[in-house]
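Undergrad: Residues per chain are reported as follows:
There are 2 protein chains.
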Amino acid sequence: VTTNRIDALTEGLLKAEPVSVARLISWAENRDPRIEEVLRRVYPRTGQAYRLGITGPPGGGKSTLIAKLAVTFRDRGERVAVVAVDPTSPFSGGALLGDRYRMLDLVADPGIFIRSMATRGSQGGLASATVDALDLLDAAGFTMVLVETVGVGQVELDIAETSDTVVVVLVPESGDSIQAMKAGLMEIADLFVVNKADREGADRLAQALESMLDLHARGDRPRPEVLTAAAAKGAGIEEIADAATRHRRGLEAAGDLERRRRRTMKQRLLGEARRALVARFEGGDGEALEELLDRVARRETTPHDAAREMMAAIEGRGTPPARKD
Amino acid sequence: VTTNRIDALTEGLLKAEPVSVARLISWAENRDPRIEEVLRRVYPRTGQAYRLGITGPPGGGKSTLIAKLAVTFRDRGERVAVVAVDPTSPFSGGALLGDRYRMLDLVADPGIFIRSMATRGSQGGLASATVDALDLLDAAGFTMVLVETVGVGQVELDIAETSDTVVVVLVPESGDSIQAMKAGLMEIADLFVVNKADREGADRLAQALESMLDLHARGDRPRPEVLTAAAAKGAGIEEIADAATRHRRGLEAAGDLERRRRRTMKQRLLGEARRALVARFEGGDGEALEELLDRVARRETTPHDAAREMMAAIEGRGTPPARKD
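Here the protein sequences come in this chain order: A and B. The first sequence begins at 1 in the working numbering and counts up by one. The second sequence begins at 1 in the working numbering and counts up by one.
Same shape as in the complex, but just chain A (with noise of 0.2 angstroms):
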């Protein structure tokens, strides 16, 4: 019965079937074991979707001009899915398809896909949870994935280690630069976008993010562009799905985009293991990692001995003995 359940969910994956596609994403936020299995199946399809992350300040008005590029690319002929990752987000709570965002149009859309992750309650596993969902749309055959986020460390999700191309949208209001650096998306942006820019200080804005890319210029990468934009009026749009498009291409052409993508993936992993470890001393069973800091606390034992304890236990070893002087 399972395995039926498994199939049948599966096959609809496969043709793209909204209801398939959205249980799926349940399972994966729900950590419902199945789900590897259903990916097991599902990951030669994979490989195929470009990965475009959005983040930004809370109220940087992320979320129309997501919906307005989510339009554009799919005008151009790409099949579209939208992964919000943002508890402020007017895609989580169903503001979407209110008036106000005029996007009921973009909803009757079979070629588009929208879809919110729970970031309550995650414990943890939001991370997991988005990256096998971006795995299952890219299986599903959505050639562009458009991934929103509010700013570095207001969620656990690392946009940069989540995308093939980020995009970090601001707002000429006073200190949003600041903002974005204090929050580490000067580092992560491969584009940058002053969006509400029929607002005084976008100009002056655009500028300061020039000046620090002047300044912190990296070898490493292309200099991001600067666009601006004023989303809510459909000004800027075309402009940024075609810098998008033109930093994925320079990325394909260096051969860039596949080392991203494992350096990525050896992250992915590396997080994965690392998850397991602290569940088993945080999670479960639980009181162990505590026990051992009230052993180091009282000085009967070294944080080196602790550390093995911890590493045998994972190891199956059981507690080493001490040893002796």
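Rather than coming from a laboratory, the hints here were simulated on the basis of the structure. Nothing here was measured: the structure is a model prediction, and the numbers come from that model. Please note that a few of the clues may not be correct.
Claimed, not checked - Computed footprint of chain B on chain A; a stretch qualifies when at least three of its residues, placed anywhere within it, have a C-beta under 8 angstroms from a C-beta of chain B: (1) 38-52; (2) 72-84; (3) 287-298; (4) 305-313.
Unchecked claim - Okay, the calculated beta carbon distance ranges per label pair: (5) Q267/B - D256/A: 30 to 40 angstroms; (6) A232/B - D256/A: 41 to 51 angstroms; (7) N30/B - A288/A: 30 to 40 angstroms; (8) A253/B - G234/A: 55 to 65 angstroms; (9) E17/A - E210/B: 40 to 50 angstroms.
Backbone N, C-alpha and C define an ideal beta-carbon position, used for all residues, glycine too.
Got chain A sorted already, so can you dock chain B onto it with the hints?
TA: Chain B in isolation, oriented as in the chain A frame:
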């Protein structure tokens, strides 16, 4: 013979003999396995030293400030150790002994011990070596340990995870406060010092710091004090020592010192275990992780199964058979 050597050095350490202390810190730096036995013997004596971290961008006069602070704390009856984890520090490489820093008197005092940690070729071991060195100095009876690092991210040591109190030293130069934010120093500072305060712009920087602290008030700990100093002229040193002592008393009174040290130890243990994990896959026999990445890239296995293989290898279970559909 080995035991005799350990015996002799341990005995020397507990008497704070500089030669023994220095040799054992070198063992820690070189990851000599004998250091673990030494720590096993002396760890019960630790927990008395206060760890004052001093960090900030290069060129801020940290080393001069630390030298003066060391003398001030010495005058107040502390036994003082200085540990420099900064390749640009004059404590590294002998410039310390030059006239420029006029610290010969400081070196001649047996109640002051100075050491720089080698940051080159440490291959992930610098943080471990440094915390071991701090334990050794603690066991040797030093009551105040000043740890100097350059800004966050430039060396792998996380000063906030190593210190009881973190002092961030800045100078009144254009963009220094922005640099500090960018490097994450705003988050970790317990105390700010605007050094070289006889220069133009010191008050402006101090005000900018106060404004930032207004904007980013944190409920979980006291608001950092902002002090000015001109360390090379000896101005403001007593006030820094006073403020650091106030911070220490505040932590102790609230029971926060023990909580902070426990949190730090938890990160240390997880860090040690993670390093052991990565070492299994990146060091030694080596190629295992790259091979896994190749197989994932060829879609021969899924990221989940690859991570499971990593854990299985660590747990000594060998490669689990791939489940069939």
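Undergrad: All hints are to be evaluated individually against the structure, with a verdict given for each.
TA: Now for the hints, and whether the structure bears them out:
no. : hint                                : in the structure
1   : 38-52                               : holds (count 7)
2   : 72-84                               : violated (count 0)
3   : 287-298                             : holds (count 5)
4   : 305-313                             : holds (count 5)
5   : Q267/B - D256/A: 30 to 40 angstroms : holds, 33 angstroms
6   : A232/B - D256/A: 41 to 51 angstroms : holds, 47 angstroms
7   : N30/B - A288/A: 30 to 40 angstroms  : holds, 31 angstroms
8   : A253/B - G234/A: 55 to 65 angstroms : holds, 59 angstroms
9   : E17/A - E210/B: 40 to 50 angstroms  : violated, 58 angstroms
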